[in-house]
Amino acid sequence: MSKNIFFKRSDPFLISELFKSNQYEVDNKVFDIKTLSNASSQDISFLDSAKYREFAVSTNALCCLTTQELKKYLPKKCIPIVVKSVLFDLVKVTKKFYPSADLDYPDETLLKSEKSKYPSVKFSNNVLIGSNVEIGNNTTIGSNTIIEHNVSIGSNCVIGSQVVIKNSIIGNRVVVQDGCKIGLKGFGFIPIKGKNIRMPHIGKVILKDGVELGSNCTIDRGSIDDTMIGENTFLDNQVHMAHNVKIGNNCMIAGQVGFAGSSIIGDNVSIGGQAGISGHLKIGNNVKIGGGSGVVKNVKDNSIIMGYPADSLKNFIKDLKKND
Amino acid sequence: MSKNIFFKRSDPFLISELFKSNQYEVDNKVFDIKTLSNASSQDISFLDSAKYREFAVSTNALCCLTTQELKKYLPKKCIPIVVKSVLFDLVKVTKKFYPSADLDYPDETLLKSEKSKYPSVKFSNNVLIGSNVEIGNNTTIGSNTIIEHNVSIGSNCVIGSQVVIKNSIIGNRVVVQDGCKIGLKGFGFIPIKGKNIRMPHIGKVILKDGVELGSNCTIDRGSIDDTMIGENTFLDNQVHMAHNVKIGNNCMIAGQVGFAGSSIIGDNVSIGGQAGISGHLKIGNNVKIGGGSGVVKNVKDNSIIMGYPADSLKNFIKDLKKND
Amino acid sequence: MSKNIFFKRSDPFLISELFKSNQYEVDNKVFDIKTLSNASSQDISFLDSAKYREFAVSTNALCCLTTQELKKYLPKKCIPIVVKSVLFDLVKVTKKFYPSADLDYPDETLLKSEKSKYPSVKFSNNVLIGSNVEIGNNTTIGSNTIIEHNVSIGSNCVIGSQVVIKNSIIGNRVVVQDGCKIGLKGFGFIPIKGKNIRMPHIGKVILKDGVELGSNCTIDRGSIDDTMIGENTFLDNQVHMAHNVKIGNNCMIAGQVGFAGSSIIGDNVSIGGQAGISGHLKIGNNVKIGGGSGVVKNVKDNSIIMGYPADSLKNFIKDLKKND
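Protein chains in written order, with our numbering: chain A, 1 to 324; chain B, 1 to 324; chain C, 1 to 324.
Everything labelled a hint here was simulated from the structure, so no lab data went into it.
Do not rely on the hints blindly, as some may be mistaken.
Identical chains blur together in the list; that is why a pair holds if it fits in one copy or across any two.
Distance condition first, Cα-Cα at most 30 Å in a straight line; then the derived DSSO-like pairs of lysine-lysine [claimed, not checked]:
{"id": "1", "residue 1": "K122", "residue 2": "K95"}
{"id": "2", "residue 1": "K76", "residue 2": "K115"}
{"id": "3", "residue 1": "K112", "residue 2": "K297"}
{"id": "4", "residue 1": "K122", "residue 2": "K96"}
{"id": "5", "residue 1": "K84", "residue 2": "K20"}
{"id": "6", "residue 1": "K282", "residue 2": "K195"}
{"id": "7", "residue 1": "K314", "residue 2": "K282"}
{"id": "8", "residue 1": "K195", "residue 2": "K122"}
{"id": "9", "residue 1": "K96", "residue 2": "K297"}
Modelling step: build the complete structure from the supplied sequences, incorporating the hints.
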């Protein structure tokens, strides 16, 4: 079972401790909360939409938060925990396991960088480094940048000035330009009048080898899952990536593009400036999305789309002519 | 008369000192410049649009900059100062009262935070604090953050790293993520060829209890009025709020949304990512605005709108079908 | 021949050293790489589109990267270097002249600002200044701001906090609000699967007298050319300007506007919030562009345009009515 290196987890709970009102035939210990595909036989997971049934049928989870209607997708060995609102109970259970992941409290382990601890790293002025940070050979870190505890950065990276990186695993040859904020908690909460209940964000940000981020980008970490950018994908300035978004390899994302939560983008995708991608979508490989588009539906491989809402380029041009 | 704690005000002027070319029956002393609803009987105010006539009729202002056409909305006790361009004279008068509010000069009172002065506050590294800053119990402030003079922050707040806060009053349990810039002067000036004349910004930013701001947001302070975010309202990353915008309670504002100046947003409003709200609009309560929308008209309570320009969701879908 | 003060240039190459496979009648020394209009008789230039033929016919360049089809636009004295992909060879040649301009490595000359070196400048806390920086009288620099080597800033400027400025020439009375990142390399590269090849950015950012930038703007430097903002032009918060963009005098650019690379904007242009301007366009003088517009074509002087894609305001309103 892989350990969460960024957030302190509570001791395991019995199922009956987590859900007191219910009675379960088996009352095993639950060690962690994970997505359907990542969960082991000691973990709890969650299924809140038929969209994710393919992950449900093959999950190894010990038990799973779900609804009366969706529980049929779970394998026999997985104990269904039927609740009214999966999201609400997900928040409650996640908070039990990770009591301090709902907010980004300042890292108390930060210290001014010491050349002696990282002899092969080039630090500019006033760099702050948390405990257990790993940085590869020949990486440079710009002035006033903050790298919080347990972050790992590969070799030959160029990290700019006034950057914040937390809860992130960063590969080799990664470039992060000035002012980026990486690994902060995302915009996830249950809006209950008078008091929003925040979703703990126990995921991380993964930037694969060769990724480049332009200046002032904001890349939120995952909630239960991770946020990820694939090899050799370049983002321009002021791009916003919400929690759990995954972008494939060799993509080009132009300035001020925004990704709502949990969308999955394929390989070799190019997205023009200021386009927006709604949440929970699947964008195929080799897709081209025109600047300013608003994408609200899944997109097949090799599509060229444009418009608000985005449609095939052919239809977009046809509609323009109709209006002439 | 409430004092402006952020900007130094000149001594009072006689009406005849402010407007030398005009003759007024009464020549009282004017102490301050305020909005129609905030002005007391010692203040000057301004009325530049019939839109604000409801505030005009009940103003307590001693005198008011206005036009020949609009002066009829002012109560008898209020002396009308009729001018050609209300905005131009407003700038001139505001500059007389507040000579240094047109630009954000660096705060010369900033010093490295001292635990001894704020024993119940947790400061991370290199925090800079101006004079007369108040911070409540159990609030944490991230590294490299700057809190300028006279700012007040409540208790149990979590302020991130690389944040700047000036000219702001912040409640309890407020969360400000990394990189936010709060309380800077807004984009207000009179474009005269070859030399723009800047509107002094003597207002502040008010964040009520339980507000949350995502990373790299920019919240400008008010010009004469204040910029305000109501209780329990959450903003995602990279949101831009211009001067004088007021957002109600329990709203959800997604990433990269932009608000032009002086719009007023009700309670329980949700706005999707990258939507834009034009200036001087009134958006009702319980309104839902789709992502990417461009809102250019007032919106009634309980509306669901989408599109560019935004229309009712019903019409938006009808138009889409028409183009199929 | 004007010197590039920001990037170290290699010694001159013979044409035959740059292009080994080709044979040229004359084999002169090439000293630098420049745009068609800036090149002297010792420089190499490039012509990759008929769009730029007016600059080609009058270039003073010694030689020019171009294609079989475009070489006819070059004057007789200019040696055409015919290649398959002008952009690809441009990257190769630029890298030979400027081996370290493809990435923004941290400035190793940064030191904490010293009052003694700049007696007429007002520094706030923790300002970092590189070597050979020039700052004019009565300019103020906010806390935690970084000004890298060889940058020049005029007099009576107000530079905010947490700003980064590199590779830039800044005039008098310029205002830069908190969090701006100015002069970083742009989003230019040749996407080759598995390994993007970065375009060196050897240009700079020029901000003329009286320019104002709102908070958290990102202004990339030019690639071969410069990025420029004309006198008295004001930008609001979170504006993104890509490499080589040129904005004229007395323009008003509202919040969150984005400019793709190499577009040229005239004088007295106003652009509403969140509008996007595509790359390589020419926008005339006195143009008004509505908020949220997506501009994809050249725009004539005195036009008023709006929409996505942007059209004349008249057509935009006609189309709206058609959909009613």
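A quick look at each hint next to the structure:
Proximity of K122 and K95 under a CA criterion of 30 Å is satisfied inter-copy only: 23 Å between copies versus 39 Å inside one chain copy. Within a single copy, K76 and K115 get their C-alpha atoms no closer than 55 Å, and across copies no closer than 57 Å, so neither meets the 30 Å cut-off. Taking the shortest alpha-carbon separations for K112 and K297, neither the intra-copy value of 47 Å nor the inter-copy value of 50 Å comes in at or below 30 Å. In this assembly of identical chains, K122 and K96 lie within 30 Å of each other by CA distance solely across copies; the values are 25 Å between and 40 Å within a copy.
In this homomeric assembly, K84 and K20 come within 30 Å of each other (Cα to Cα) only inside a single copy, at 15 Å, whereas the closest approach across copies is 71 Å. For the homomeric pair K282 and K195, the shortest alpha-carbon distance between copies (25 Å) is at most 30 Å, but the shortest distance inside one copy (32 Å) is not. Taking the shortest alpha-carbon separations for K314 and K282, both the intra-copy value of 21 Å and the inter-copy value of 26 Å come in at or below 30 Å. Taking identical chains as interchangeable, the C-alpha atoms of K195 and K122 lie at most 30 Å apart only when they sit on different chains, with a minimum of 24 Å there against 45 Å within one chain.
Taking the shortest Cα distances, K96 and K297 never come within 30 Å of each other, neither inside one copy (35 Å) nor across copies (45 Å).
In this structure, the hints that do not hold are numbers 2, 3 and 9, in rising order.
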